[in-house]
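So the chains spell out like this:
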Amino acid sequence: MKRVYVNEEWCLGCHLCEYNCAFANSGLSDMALALKGRPIYPRIRVEEGEKISYAVSCRHCEDPICVKSCIAGALSKEDGVIRIDSDRCVGCFTCVLVCPYGALAPGETGVMQKCELCLQNASGEPACVKGCPNNAIVYEERGAAL
Amino acid sequence: MKRYVIIGNGIAAAGCIEGIRSTDGGGSITVVSAEKRGVYCRPLISYYLEGKTDLSRMGYRPDDFYEKNGCAVLWGRTAVKLDPVSRTVTLDDGAAVEYDALCVAAGSAPFVPGFEGLDTVEKKFSFMTLDDALALEKAVDKSSRVLIVGAGLIGLKCAEGIAGRSGSVTVCDLADRVLSSILDAECAGIMQRRLEEHGISFLLGDSAVRFDGGRAYMKSGAVVDFDVLVLAVGVRANSSLVKDAGGETGRGITVDEYMRTSLPGVFAAGDCAEGMDISAGQRRVLAILPGAYMQGHAAGVNMAGGSRVYDKGIPMNSIGFFGLHAMTAGSYEGDVYEERTGDSVKRLFTKDDLLKGFILIGRDERAGIYTSLIREKTPLSSIDFEALKKAATTAAFSPEIRRKKFGGAV
Ligand SMILES: Cc1cc2nc3c(=O)[nH]c(=O)nc-3n(C[C@H](O)[C@H](O)[C@H](O)COP(=O)(O)OP(=O)(O)OC[C@H]3O[C@@H](n4cnc5c(N)ncnc54)[C@H](O)[C@@H]3O)c2cc1C
Ligand code: SF4
Ligand code: SF4
Chain A
23 MKRVYVNEEW
33 CLGCHLCEYN
43 CAFANSGLSD
53 MALALKGRPI
63 YPRIRVEEGE
73 KISYAVSCRH
83 CEDPICVKSC
93 IAGALSKEDG
103 VIRIDSDRCV
113 GCFTCVLVCP
123 YGALAPGETG
133 VMQKCELCLQ
143 NASGEPACVK
153 GCPNNAIVYE
163 ERGAAL
Chain B
133 MKRYVIIGNG
143 IAAAGCIEGI
153 RSTDGGGSIT
163 VVSAEKRGVY
173 CRPLISYYLE
183 GKTDLSRMGY
193 RPDDFYEKNG
203 CAVLWGRTAV
213 KLDPVSRTVT
223 LDDGAAVEYD
233 ALCVAAGSAP
243 FVPGFEGLDT
253 VEKKFSFMTL
263 DDALALEKAV
273 DKSSRVLIVG
283 AGLIGLKCAE
293 GIAGRSGSVT
303 VCDLADRVLS
313 SILDAECAGI
323 MQRRLEEHGI
333 SFLLGDSAVR
343 FDGGRAYMKS
353 GAVVDFDVLV
363 LAVGVRANSS
373 LVKDAGGETG
383 RGITVDEYMR
393 TSLPGVFAAG
403 DCAEGMDISA
413 GQRRVLAILP
423 GAYMQGHAAG
433 VNMAGGSRVY
443 DKGIPMNSIG
453 FFGLHAMTAG
463 SYEGDVYEER
473 TGDSVKRLFT
483 KDDLLKGFIL
493 IGRDERAGIY
503 TSLIREKTPL
513 SSIDFEALKK
523 AATTAAFSPE
533 IRRKKFGGAV
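In the order they appear, the protein sequences are chains A and B. Residues are numbered in our numbering as their position in the first sequence, beginning at 1, plus a constant of 22. Residues are numbered in our numbering as their position in the second sequence, beginning at 1, plus a constant of 132.
The following block holds chain A by itself, in its conformation from the complex (with noise of 0.2 Å):
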């Protein structure tokens, strides 16, 4: 299955992917309209230690402890993409307090958010890789890390 990844050497800490991301989830078409002097809730978040910096967002795992914790049977697997029913959930944090990458978090009415690989939304494919001026985020099939 494709999944976004992220090469640290080539991310320049722009933030861009986090702007793109909030906008193509927003259901909006003027990103000035979407996304200008409000607070943004994105799905992808850039990760800055001492000297790297690199994209962060759900990693559609294979076993997702996410999904098993759930207390209401809000997340699910759909061909391979961890999905979230956003009428289900009751923003109890318990996925938050599982998920080893932190890719979720509230949105703004409270209920949590995660990548979708905007595979739901206008963008068709993940908004984060289309718009990152230096392919730091990549969307490609790739087997386990050795």
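In case anyone wonders, no lab produced these hints; they're calculated from the structure. Just to be clear, a hint being listed does not mean it is correct.
Derived BS3-like pairs (lysine-lysine); straight-line CA-CA distance at most 25 Å [claimed, not checked]:
1) B/K537 with B/K521
2) B/K537 with A/K73
3) B/K184 with B/K270
4) A/K136 with B/K536
5) B/K444 with A/K99
6) B/K184 with B/K213
7) B/K256 with A/K136
For this one, chain A is given, so just place chain B with the ligands on it according to the hints.
Leaving out everything else, chain B with the ligands in the frame of chain A:
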């Protein structure tokens, strides 16, 4: 064709069914279900009372779950006896069900102490099942004074759920603080304050000793008048079937990392089982939903001849009241790293180069990164723990770990 039998029809049973079917598409599965409903999200019963969900969204699995997985469900039936020699389970209607592999996923039952005069109380409830919640919903209105005995997770979730529907809610507990099994006095105080701000009153270090109709006589001498009583003193693992059959039990049914009990062909999972808490290195009943699912799933795989260990069990809870969330995990032993401001607390406990446990209150933090360090027993010397203490970030991992985590499928 193998015959699988599951006693109970909760989260652990659902995990067991999915575990069996991931390994064996053919064998027959019989589910003995005391409750007359399909598996539902038990923790949501308080959210239901609060109006944050409804019956149509509380099912844990779709309506065709049993059919799709080829399960025969014996609705409203209770298993009353287990014979590990003839490999039969006897039901309350006298029927006998034979098995090749059995999973006891019977959960827990409310523990009700023998209060004097309890039989004189007209409206009294436990808070464990959806039926309990539906009955409470009927019994309570804006004029009701509700008394909840027990300030643990279940009692307080009930209080939160019912606060908006009732006239007043009072919670009493013999312990000197709320949530005493997971929080110290200071953290408990923060959570209590939030509940009090929403109109819930507390009588702590005090409990009812005697009831007379709608009146509770407290240990301290206080008298509390109420219309509706909720008993949430504690729960006990449903382990008697295995115990009576000669199987090993402690506070729950003793299981190994394959979810095997001491009886051949008999597995146990969920709130009725006592497995290893790897953060404390001792057996514990870890009565949480994620544990129930994962134990059930492992049991199912192993019942069907596969091999799956569940060796990462730790206590972990995420519990919130009126928007203030407490996330806790592991054991609180060793050195403490602490940050405190207003209503927010962060405490990390480290010992022997390992993160052992944490308490996070009112923090917008990616706690799972910490939880995974406890579960994976990651040596702290292998990561930049100084950075990680301050903020949960994967950037604190070594390049090697990061490459494994982010360089390929996980
Ligand atoms: C109000 C409340 C809030 C909670 N909140 C949380 C939370 O936020 N997070 C969390 O992780 N956990 C929470 N829990 C705990 C969680 O619900 C349990 O850990 C989980 O449901 C355990 O699943 P189980 O399958 O082991 O047992 P159960 O869900 O209890 O299922 C066992 C089933 O077996 C049936 N049964 C028992 N004996 C027999 C028999 N002899 N024959 C046939 N059937 C039998 C019972 O009727 C029951 O339906 C909460 C629990 C309650 C009550
Ligand atoms: S949210 Fe976290 S645990 Fe769940 S699939 Fe994504 S990375 Fe894995
Ligand atoms: S916050 Fe929502 S998605 Fe996460 S575990 Fe709770 S109900 Fe499930």
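Checked hints:
Under the criterion of a C-alpha separation no larger than 25 Å, the hint pairing B/K537 with B/K521 is consistent with the structure, at around 20 Å. For the proposed pair B/K537 and A/K73, the alpha carbon gap of about 19 Å is at most 25 Å, so the pair holds. A C-alpha spacing of about 17 Å is found between B/K184 and B/K270, which places the hinted pair at or below 25 Å, so the restraint holds. In summary, the hint linking A/K136 to B/K536 is supported, as the alpha carbons are separated by about 21 Å, within the 25 Å threshold.
Using a Cα cut-off of 25 Å, the hinted pair B/K444 and A/K99 holds, with the two alpha carbons roughly 22 Å apart. Note on B/K184 and B/K213: the hinted pairing is violated, with a Cα-Cα distance of about 39 Å set against a maximum of 25 Å. Between B/K256 and A/K136, the direct Cα distance comes to roughly 42 Å. Violation of the 25 Å bound is thereby established for this hinted pair.
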